[in-house]
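Chemist: Listed here are the chains, written in short residue letters.
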Amino acid sequence: MLHHSSFIAILVFLAFAATVIGISVYLGRRAKSAAGYFAAGGGIHWFVNGVAFAGDYLSAASFLGICGMIAFFGYDGFLYSIGYLAGWIVALFIIAEPLKRLGRFTLADALDNKFNSRGIKLSAAISTLVISCFYLIPQMVGAGALVRPLLGLPQYAGVIGVGAIVTFIVVTAGMVSTTWVQFIKGTLLVVLCAGMTVLILARGVTTKPTTAAGEPVRLMERGVQAEAAVWDKGSVVMSEDGGWKGMPFVRVRHPDGRVVVWRKRADGLLDEAQTLTVGKDGRKRVNGLPQGENAGECDLAPVGYASKLPGGVESTGPLGSFAYLHTMQHSEVILWDNVKIAESDGATTTVYFQKPTAGADFMAPGSSPTFRKVRGDKFTDKLDFLSLMLALFCGTASLPHILIRYYTVKDQASARKSTIVGIAAIGFFYVLTLFLGLGAMTSGALDVTDSNMAAPLLARSISELLFAVISAVAFTTVLGTVSGLIMAASGAVAHDLMSHVMRVDLDEFGKVRAAKIASVAVGIIAIALGICFSKMNVNFLVGWAFNIAASANLPSLLMLLFWKGTTKRGITASILTGMVSSLGWILLSAQAYKDVYGWDPATAIVPFSQPAIVTIPLGFLVLVVVSKLTAERKAA
Amino acid sequence: MAGLDFKHAGKPAEQEDERTVARNTRTGLRLFAVYVLCYGGYMVLSAFRPEWMKREVLAGVNLAVTYGFGLIVAALALALVYLNRCHKN
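If you read the protein sequences in the order shown, they are chains A and B. Read in our numbering, the first sequence has 442 at position 442, and its numbers run on one by one without any break. Read in our numbering, the second sequence has 80 at position 80, and its numbers run on one by one without any break.
No false leads were mixed into what you were given.
Heads up, simulated DSS-like pairs for lysine-lysine below, C-alpha to C-alpha not over 27 angstroms straight-line: (1) K54/B - K355/A; (2) K308/A - K54/B; (3) K568/A - K628/A; (4) K54/B - K373/A; (5) K417/A - K88/B.
Calculated directly from the structure, the hints in this document are not laboratory data.
Given these sequences and hints, build the entire structure.
Modeler: Put into structure tokens, the structure is as follows:
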């Protein structure tokens, strides 16, 4: 779908983004010069730090990805909300305090504290790099999804733009997101989303959505008789050829060149579909005409509305929060599915077709294609779902940059209190995501090709101003996260890998220069990956990062804290095994086949897409076995 | 990403004594076990009794959503209990 900007939206966006970046740079400079401010490990009030937790943790991927997944598929996006929040319990009760007593704050330092081993430093650095990359990709994709509706640029332009800006900032200024900046961002994100939720509830659910300007959204035809589909004089039904043979579609070519595709229902009637054809030369056609908004051109129509509401009403009017959920459970909503067809001239056509779905169906786990099998009878089918819930639960406490955040308070009591404030803010936000996702599902503004844009487009269907403000807040959140990740990754290269592992001798200037070069390299890789993975829902990508983090880091961390028999080789082996196995698994999964390589998902090697349920125990197993094998002989 | 000035943080300003630490750890592990049961229950129910998740249980809202909200609220509740118990210790 093509998007174009409004002048006001761009102005507000730039003003907002400039303000937040300005505050960030100003506070960043002050924090560096007033070294005493952080000398005690924080004179920061626990409430401020708690909200900063939320600002730090709630990446745009949460906001865009979860809402998008819920908007397109229903409940399954909410699984991520539950899992992400539950992970904080592992952090709070198991990891945080023992780690703090150790006096170490980075994962790599903690793991290596006892042993001072090059093997551990190397594997921990690589693990940090890989996890940072996987965490970076969804942020880049998310940035592209934010920029597209705002500036009307194609996906890759947004990714390149963000990558270039952030790399430039990191190399020249090293933008550091201070606690106060995260506090501001966290507050803004939560308050704005709460506001949007209130507006969604006030709007209720409708079968006839309108744009922010009040114009009705064109509804796609359903239940049409075959004869009525060929309405123009001169329209003709096309024969089935190439990839169209045997598919339940009818193609009607109209005199003006449009090719409208209809899907054949079980009862013989037709539902209108839309098509996007990408030719071998890369040129795009929608419904047979070149993609565009001028005469003789066509564009994909925005979608997302209920087809049936309880009581047969057209609109429900304002609803309370529980009433809203109850209404959705008893509605029928037009969701969309798609199938790719290979044309005889080498082009690929994606047919987006309507799938009326009952609320009872999409308001429970298993509503999305990825996790649908959980509703089946075979045990192995349920493993994807169970594996995901395990990965999310174990992942939070395993992310290198989360635990660091825990220690910017001065004492354990403050640490506990700020974690609780953080959990409250993050939990509240995740509750809101369900409403935002459902609101987007019925907003009439969705782009069928991109679930990541559901939330910004929802805002746009309410008001242009809200859309501009929310995009600005989300965008600056992405900038902060991406700059932090690039710095962590380049730090791992320059400091851990080069200085400690490769023992390359660098003076201070050399180290800084190495880090900057590494930043540029990481930035370029991030841009490239952001373009490769752009079709995937960002939340799904973050879920993968959690799988890798939990598999690589959690076994070593837990065993180091609680088992005396852990040896340095055990830790090294465990990190490498966990990381390689989970990464390899992911790259060979059906999801990667479909969305990254464009191959047939049925040919994927691994049986399900989330490796955690296999790779986390594997990490523990390897650690125990290798530790026992390399245990030092104790004197008799 | 957090301010990377943690190098100055060092050991916590107030060092809790060993007995308090042990008691807090026990409290923490007990509460953790409670949460694991709740979370595990959610996983098992969703995987093996998916039909139950569609039933309405609270104010017209189904079990899937209610249980999901419940897990989020429970996390906060347990964290508050932990804070309270640690303070007493």
